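There are 2 protein chains.
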Amino acid sequence: MIKASIVTIGDEILIGQIVDTNSSHIAQALEEAGVKIAGMYSIADNAGEIEKTLTALLTSCDIVITTGGLGPTKDDITKATLLKISGSKGYVENPGQLEMVKKILHGRGLDILPSNMAQAMVPDRAEVIVNKLGTAPIMVFRDLLGKGTLYSLPGVPHEAVGAIPDIVEDIKKHFSLSQIVHTNVMVYGIAESALSDLIAPWEDALPQDMHLAYLPNTLTGIRLRLSTYSDNTSDTLERQKAQIAKLKAILGNKVYSDKDSNLETALGELLIRRGKTVSCAESCTGGEIAHMFTTVAGSSAYFLGSVTSYAVSVKEKVLGVDPEVIEKYGVVSSEVAAAMAEGVKKLTGSDYAVATTGLSGPSGDGINPVGTVWIGVTGPHGTITQKYCYHNDRKRNIERFAASALNLLRLYILED
Amino acid sequence: MIKASIVTIGDEILIGQIVDTNSSHIAQALEEAGVKIAGMYSIADNAGEIEKTLTALLTSCDIVITTGGLGPTKDDITKATLLKISGSKGYVENPGQLEMVKKILHGRGLDILPSNMAQAMVPDRAEVIVNKLGTAPIMVFRDLLGKGTLYSLPGVPHEAVGAIPDIVEDIKKHFSLSQIVHTNVMVYGIAESALSDLIAPWEDALPQDMHLAYLPNTLTGIRLRLSTYSDNTSDTLERQKAQIAKLKAILGNKVYSDKDSNLETALGELLIRRGKTVSCAESCTGGEIAHMFTTVAGSSAYFLGSVTSYAVSVKEKVLGVDPEVIEKYGVVSSEVAAAMAEGVKKLTGSDYAVATTGLSGPSGDGINPVGTVWIGVTGPHGTITQKYCYHNDRKRNIERFAASALNLLRLYILED
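These protein sequence lines are chains A and B, in that order. Using numbering that gives the first Met the number 0, the first residue of the first sequence is number 0, and each one after it goes up by one. Using numbering that gives the first Met the number 0, the first residue of the second sequence is number 0, and each one after it goes up by one.
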């Protein structure tokens, strides 16, 4: 099986000022293509360190993919190091990338500076894949150090991600790949350890060649993934699907999708199937639910809009929540959650609405503990409310509240 | 200088299904404490691989920090591997962690399952730091393999992050650390290469011991960071601040903060200083601006609320945008952006308001290209609008639109 390592180059990752998301995207694409990722490495903008790491990895892997260190600024030294270890005699101008540099800067209405021009210069032993999203070229070094193939990608996330299809195509052309088959199931509303105990008999009875992984996430719940290395793709997929059918019988409506998905996408598909619309009213979640709905392309087909009513006056004036209800029950209450949901449904004319009122923290209201949320859902068969308590920091509480709200809405719609 | 490596253990990272954010948080905290991060590594849930990597790193580093592989599920094998390489004779129950397991599950109203109990068992050569946020203990192995110190942290992000202060305290107690001094400046509204060229004379004249890094980010703009290794912290900080003062004279109001910050936090500080309030009306950004405002603790002091008007009917009915204006100029227009901002300002009674209307993609409106946004800002000195064009995917366009809106609002307020 073809093995690859991914190396991110940059002090900014090592000192923790930015998170490396590129490696994850690259790994996902390569894994799907049947390349095994042996490891991921982050190293400093240091020529000696880059040379040492690449040399070692080219010995143990067929492919090394680097990201970063190609920018126009003085702290970027990947290209000079690759010039050296590839045995190139010097830099040559790449006409394709130079044209792209000019096009990109022209499109932004910017002048072309000397530092931009230098971006199109590459070591003479590099093959170039033109970067259509940025000024730094994508470079391929074959038989590097007499060992493997190295792909050098830019570090800017959308440029690195944008380069992946070209890299995968090149790998498929030059290597003979084995197949890996994954099946995903998305679960919401059960803790990881409880889920593990609940499905233990099923998991223990899985065929030897199927490996199960638990992938918990605050916003999406738990992703269960079955994996099998096999060249017989369609047969393996059938066998995995048969196992998944058994799993779904155990988990019922805790399963919200049988593909790699998230709550907002699954809800969108449900609303489109039913031809219904939705709106939301957010207090403690502060726009996160609307943001989640609208990250889905095509959400304008069912998402009409939302009101973030952070101030009490906005709850009363815009959503029409009765001041006496707030006075009597408090802002964080079942009654206010219900009134907010009903208010935004009326305001937007949607079929369904969901509302949140709670305490994301760090400060509380002196009555309810931080982490408390009341969620209201309304629609054709009346209004329901549900209280949840989490014990996290502000950011995580907001995410938990939003995901719980989407899940309660999902369960409500399923009952229609 | 004390050197550390960070190792994440888990197939889920290598196949790219989750992004490793733990390493970044750990690196940041250790760097601030004066520990140099030599590298970050992600490896598989594989005993041989774990043993090989840890053995190699303990030879080249003083400290190795691992995250992951401690969960209650069958694919987690870090603890068994540490049992072996530490020369432990077996597992012992840790009373402190057992108590925490019971407390956490009790707090969630859950029964204690056998898999939960097993979480409190640790190799007999491990010292335990009780994990207050989860069931898996934090383990310390000193003089591991006769070499360095290993800290084993849970992989669940909030638990790993929650463990950092305890780890840093332990490191400070057991190692003699050198100091590193960083100064950050946050810049918005200029491309990286233009910035590099603009400040080149200043950068070239920097003292030898100061290193500059560029850290670009869609949501926060470019962070410029000066770093110096020095035990004379206060003197170094003074010298860095003198350089930063020169830099700010070059960049003017493109600098929005002289600490590690973001636009929403800087805006919040500005609004609190002025005693003013804000609201927003979002179309294409779909709640992202409200979400950004409300991730800041204490934002209820100045953020009144928002309307996400995804449907045209919501723009008209809730925000009071004149249907004739929409008819005449189109939804994506200066006029609609202005009317939305004015509408939400009136609705909420805020001092300032910002609005967005544009095309985040993938589908367009047949008139404007995808990536076009009109931003409107209104306040005491009238309404301004500005058009921006970006060329990204949906997610990145939404982020760019939202950050541009916050920046335009910031510039408007600064002129008041």
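Hints were generated in silico from the structure; no laboratory data involved. Wrong hints could be hidden among the right ones.
Chain copies aren't distinguished; within one or between two, either way the pair holds.
Stated by the list, open to error - Here are the computed lysine to any residue pairs in the SDA-like style, where the Cα-Cα straight-line distance is at most 25 angstroms:
1) K394 - N216
2) K172 - G33
3) K258 - I17
4) K101 - V369
5) K102 - Y387
6) K131 - A190
7) K2 - E50
8) K51 - A37
9) K258 - D75
10) K2 - L269
11) K345 - I412
12) K102 - A46
13) K345 - D234
14) K394 - H105
15) K51 - S362
16) K101 - E126
17) K240 - N252
18) K316 - G86
19) K247 - S114
20) K51 - M116
21) K83 - I179
22) K35 - L410
23) K51 - K146
24) K131 - E191
25) K275 - S362
26) K102 - G365
27) K316 - T382
Computed from a predicted model, the values in this text were never measured in an experiment.
A quick look at each hint next to the structure:
no. : hint        : verdict
1   : K394 - N216 : both (13 angstroms within a copy, 19 angstroms between copies)
2   : K172 - G33  : within (13 angstroms within a copy, 46 angstroms between copies)
3   : K258 - I17  : between (30 angstroms within a copy, 15 angstroms between copies)
4   : K101 - V369 : between (53 angstroms within a copy, 21 angstroms between copies)
5   : K102 - Y387 : between (52 angstroms within a copy, 18 angstroms between copies)
6   : K131 - A190 : between (43 angstroms within a copy, 17 angstroms between copies)
7   : K2 - E50    : both (20 angstroms within a copy, 19 angstroms between copies)
8   : K51 - A37   : both (17 angstroms within a copy, 13 angstroms between copies)
9   : K258 - D75  : between (39 angstroms within a copy, 23 angstroms between copies)
10  : K2 - L269   : neither (40 angstroms within a copy, 52 angstroms between copies)
11  : K345 - I412 : within (18 angstroms within a copy, 35 angstroms between copies)
12  : K102 - A46  : neither (32 angstroms within a copy, 50 angstroms between copies)
13  : K345 - D234 : neither (51 angstroms within a copy, 62 angstroms between copies)
14  : K394 - H105 : between (40 angstroms within a copy, 24 angstroms between copies)
15  : K51 - S362  : neither (50 angstroms within a copy, 46 angstroms between copies)
16  : K101 - E126 : within (20 angstroms within a copy, 59 angstroms between copies)
17  : K240 - N252 : within (17 angstroms within a copy, 58 angstroms between copies)
18  : K316 - G86  : neither (71 angstroms within a copy, 67 angstroms between copies)
19  : K247 - S114 : between (56 angstroms within a copy, 22 angstroms between copies)
20  : K51 - M116  : neither (30 angstroms within a copy, 44 angstroms between copies)
21  : K83 - I179  : neither (36 angstroms within a copy, 31 angstroms between copies)
22  : K35 - L410  : neither (38 angstroms within a copy, 49 angstroms between copies)
23  : K51 - K146  : both (14 angstroms within a copy, 22 angstroms between copies)
24  : K131 - E191 : between (42 angstroms within a copy, 18 angstroms between copies)
25  : K275 - S362 : between (37 angstroms within a copy, 21 angstroms between copies)
26  : K102 - G365 : between (58 angstroms within a copy, 23 angstroms between copies)
27  : K316 - T382 : both (21 angstroms within a copy, 24 angstroms between copies)
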